[in-house]
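Colleague: As you go down the protein sequences, you meet chains A, B, C and D in turn. My numbering runs 27 ahead of the 1-based position in the first sequence. My numbering runs 27 ahead of the 1-based position in the second sequence. My numbering runs 27 ahead of the 1-based position in the third sequence. My numbering runs 27 ahead of the 1-based position in the fourth sequence.
Please note that a few of the clues may not be correct.
Remember, identical chains collapse to one label, so a pair may be satisfied in a single copy or spanning two.
[As the list claims (entries may be wrong)] List time: in silico BS3-like cross-link candidates among lysine-lysine, alpha-carbon distance up to 30 Å:
(1) Lys238 with Lys171
(2) Lys183 with Lys81
(3) Lys171 with Lys251
(4) Lys188 with Lys243
Calculated directly from the structure, the hints in this document are not laboratory data. Only a predicted model underlies this, so the values are computations on that prediction, with no experimental measurement involved.
There are 4 protein chains.
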Amino acid sequence: MTLLKYLREEVMEANLELVRRGLVLYTFGNASGISRDEGLIAIKPSGVPYEKLKPENMVVTDLLGRVIDGDLRPSSDLATHLVLYEYFPTIGGVAHTHSEFATAWAQAMRPIPCFGTTHADYFSGQVPVTDSLSGEEIQGEYEKNTGMAICRAVAKDDGDKVPAVLVAGHGPFTWGATASEAAHNAVILESIARMAYHTVAIARDTFPIAKQLHDKHFLRRHGKKAYYGQSK
Amino acid sequence: MTLLKYLREEVMEANLELVRRGLVLYTFGNASGISRDEGLIAIKPSGVPYEKLKPENMVVTDLLGRVIDGDLRPSSDLATHLVLYEYFPTIGGVAHTHSEFATAWAQAMRPIPCFGTTHADYFSGQVPVTDSLSGEEIQGEYEKNTGMAICRAVAKDDGDKVPAVLVAGHGPFTWGATASEAAHNAVILESIARMAYHTVAIARDTFPIAKQLHDKHFLRRHGKKAYYGQSK
Amino acid sequence: MTLLKYLREEVMEANLELVRRGLVLYTFGNASGISRDEGLIAIKPSGVPYEKLKPENMVVTDLLGRVIDGDLRPSSDLATHLVLYEYFPTIGGVAHTHSEFATAWAQAMRPIPCFGTTHADYFSGQVPVTDSLSGEEIQGEYEKNTGMAICRAVAKDDGDKVPAVLVAGHGPFTWGATASEAAHNAVILESIARMAYHTVAIARDTFPIAKQLHDKHFLRRHGKKAYYGQSK
Amino acid sequence: MTLLKYLREEVMEANLELVRRGLVLYTFGNASGISRDEGLIAIKPSGVPYEKLKPENMVVTDLLGRVIDGDLRPSSDLATHLVLYEYFPTIGGVAHTHSEFATAWAQAMRPIPCFGTTHADYFSGQVPVTDSLSGEEIQGEYEKNTGMAICRAVAKDDGDKVPAVLVAGHGPFTWGATASEAAHNAVILESIARMAYHTVAIARDTFPIAKQLHDKHFLRRHGKKAYYGQSK
Chain A
28 MTLLKYLREE VMEANLELVR RGLVLYTFGN ASGISRDEGL IAIKPSGVPY
78 EKLKPENMVV TDLLGRVIDG DLRPSSDLAT HLVLYEYFPT IGGVAHTHSE
128 FATAWAQAMR PIPCFGTTHA DYFSGQVPVT DSLSGEEIQG EYEKNTGMAI
178 CRAVAKDDGD KVPAVLVAGH GPFTWGATAS EAAHNAVILE SIARMAYHTV
228 AIARDTFPIA KQLHDKHFLR RHGKKAYYGQ SK
Chain B
28 MTLLKYLREE VMEANLELVR RGLVLYTFGN ASGISRDEGL IAIKPSGVPY
78 EKLKPENMVV TDLLGRVIDG DLRPSSDLAT HLVLYEYFPT IGGVAHTHSE
128 FATAWAQAMR PIPCFGTTHA DYFSGQVPVT DSLSGEEIQG EYEKNTGMAI
178 CRAVAKDDGD KVPAVLVAGH GPFTWGATAS EAAHNAVILE SIARMAYHTV
228 AIARDTFPIA KQLHDKHFLR RHGKKAYYGQ SK
Chain C
28 MTLLKYLREE VMEANLELVR RGLVLYTFGN ASGISRDEGL IAIKPSGVPY
78 EKLKPENMVV TDLLGRVIDG DLRPSSDLAT HLVLYEYFPT IGGVAHTHSE
128 FATAWAQAMR PIPCFGTTHA DYFSGQVPVT DSLSGEEIQG EYEKNTGMAI
178 CRAVAKDDGD KVPAVLVAGH GPFTWGATAS EAAHNAVILE SIARMAYHTV
228 AIARDTFPIA KQLHDKHFLR RHGKKAYYGQ SK
Chain D
28 MTLLKYLREE VMEANLELVR RGLVLYTFGN ASGISRDEGL IAIKPSGVPY
78 EKLKPENMVV TDLLGRVIDG DLRPSSDLAT HLVLYEYFPT IGGVAHTHSE
128 FATAWAQAMR PIPCFGTTHA DYFSGQVPVT DSLSGEEIQG EYEKNTGMAI
178 CRAVAKDDGD KVPAVLVAGH GPFTWGATAS EAAHNAVILE SIARMAYHTV
228 AIARDTFPIA KQLHDKHFLR RHGKKAYYGQ SK
């Protein structure tokens, strides 16, 4: 149960980071984390105001989404999270928001081009947008099918390189090695979505930065020879 | 008098929510609530700064707008509220703001299209805009006629499904089962107004989401088989 | 000296209102107040950070701008204020900011059209923009000539009806019955500048509201038969 | 060591100013300061969250960027700072951010025109944008080459007159007589970037203000006959 306690606290903290950074309104959004060894997932309960959330309110489920521990219903987007955990074997956390500018790009159904090094520091390539779901997909297992649409938009091997996607007409999902990193990526995504929005407003014909500059910045942080930060 | 006390406190709280969420400036905006059993309405007084408001300052009127209890003048928009309470028999609260982006759509006299699931979660269809008032309507019972214009823009039966309208050249009115829900809807409206604004700035030719997706999200929250949140 | 103390405190408070509402950055902006009976003006000193300001730092001058009391230099825009006090005989305060959206309209050299009732509640007509100063006017008594350009843009009798102007390529000046009202009008001006900006972004071809609606709202607050607020 | 202590505290404070003004997110951005007499530079460490920073964490290097004192790695942009200190012999501080609007202009690869006196008060001319780096420059000494691109964009003698540049596809660098002034200029730059953005959104065809007005405002603050502020 120590593990559960730790996982819940980490997931709780990731959800609160979304609030602190202004990414969610009322009960919008949700973050989850997974313990792959135990086969357990902790996720925010559905529709509970953030100011009332406590770590013990995080709902714990198995990998099929069955509630293992907790009194509340899990987020209605749980099924989307499950698909992502299965598809990307190395990720440890998922976050979903309706943050203003990332959602605007998702609603406009346009991928976010990489216009600068801020984007390149975190995302190796444009942030893709999913196809729209078909009527059948919407009326069937909607949340699961949302996850499947994400998988079609991001190659299985690119999970670490492009840890974000825009669900068409809906909003962003991000992920990372932990719930905390997933939330962190949601914050960064909103920031680069804002800057890309303003960039095209200044000059519609702006083109993405050169691949060499893009790779330089991504690898300066994430490659084998990374030299950003204090780790060795 | 216990009822009056409760109604005033709820209306006071709804007005303060508009302040907390940055929807009003100085004395802008107003929220009201109704007790249909007693035939009483409580509403913010006209032109009093929010920081000086106390529950007992809420003005209580009958359904014709005559002051029953309270020392202050009611909001100058009271007559608009009265029309809405009469027209939509199930609503319990009304809110009016000049929030920045909803007002911009109202000034541009364009309905807000449903570009995404955030909108669909709350409003079943576009947020409509009223016709402009005629010279006669302006010089006659202006505030009442504003209410009548709202009624022409929203079908009587749609009050629960589209609890918001943009008054052309003026700003938004929202409503709900309670004063608190009316204020909540005002906050959501401003958020989806912002996102719709940014969406068309990214891609002028964005079209609304498919009706199936729209219905899915609205009913996931509001239909008989709703499964969002913790209620059963 | 009691009068001086009161005037300084009021002017200090008006300057702080500009800070609280996010209209000024660092030492930008200035507000002043006049006592016409005594022939004295109090104004913010030049280039002093707001967090260090105290009422006694407000510089007191006569109507020609000569320092009567105070150890600091008055705002470099004092000469502009002096022209306005002379031109509009009923005003008691002046405020100047570089607030973001009002300044953008001033830089674009476009008057702010009245697109809605928020604008009409405060300004009876569009907010005008001055002509650009000539080379001679810039190299001569620049700040005084800025005031003269404002006078050319607003009819002498319209001071109470349109208490704001945009100085081309510079920023807004507002005024009012007191320093406090001048600052209040600066806050309102920024708000309507934002909403007008967003309105034209949604629909370039938006036209101003009808004169009847404009007059209705302005007179609802400012006319002889005003019924907004609590005064009689 | 008293000097080192003072330099570190000043650099620490300049970095915190970037946080207070909303110019940086997480570990983004960096500010440095130089003591030319001692041949020492203090700079923010790489990738350390601002809330954990203490003055003693500032890394002290010599003019070649070799760490003289401190346990952490310096900012990965140190080499860019070094080039600027060598090129502009009178500057005492450098700041780099990814602030939202200045970065958008950098990403759009457009210089910021001087549309108003707010800009003219601080920058004598447009804020230039560098050329894009070549593939060789990116794969070689990237950060040093970024500095060289800045030098090509700003004449050596213009360091005091235009203390800011936009690195194409990256973001702004600013400088000043001290680290504190460099950070101050970063804040001002973001403000004028916002206002210029809004100006062109209102009117695409806005042209820069006349040179006479530009010079008047710049010299009112910075010329030999400056009369803004309290200094003599």
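Colleague: Any of the earlier hints contradicted here, and which numbers?
Modeller: 2
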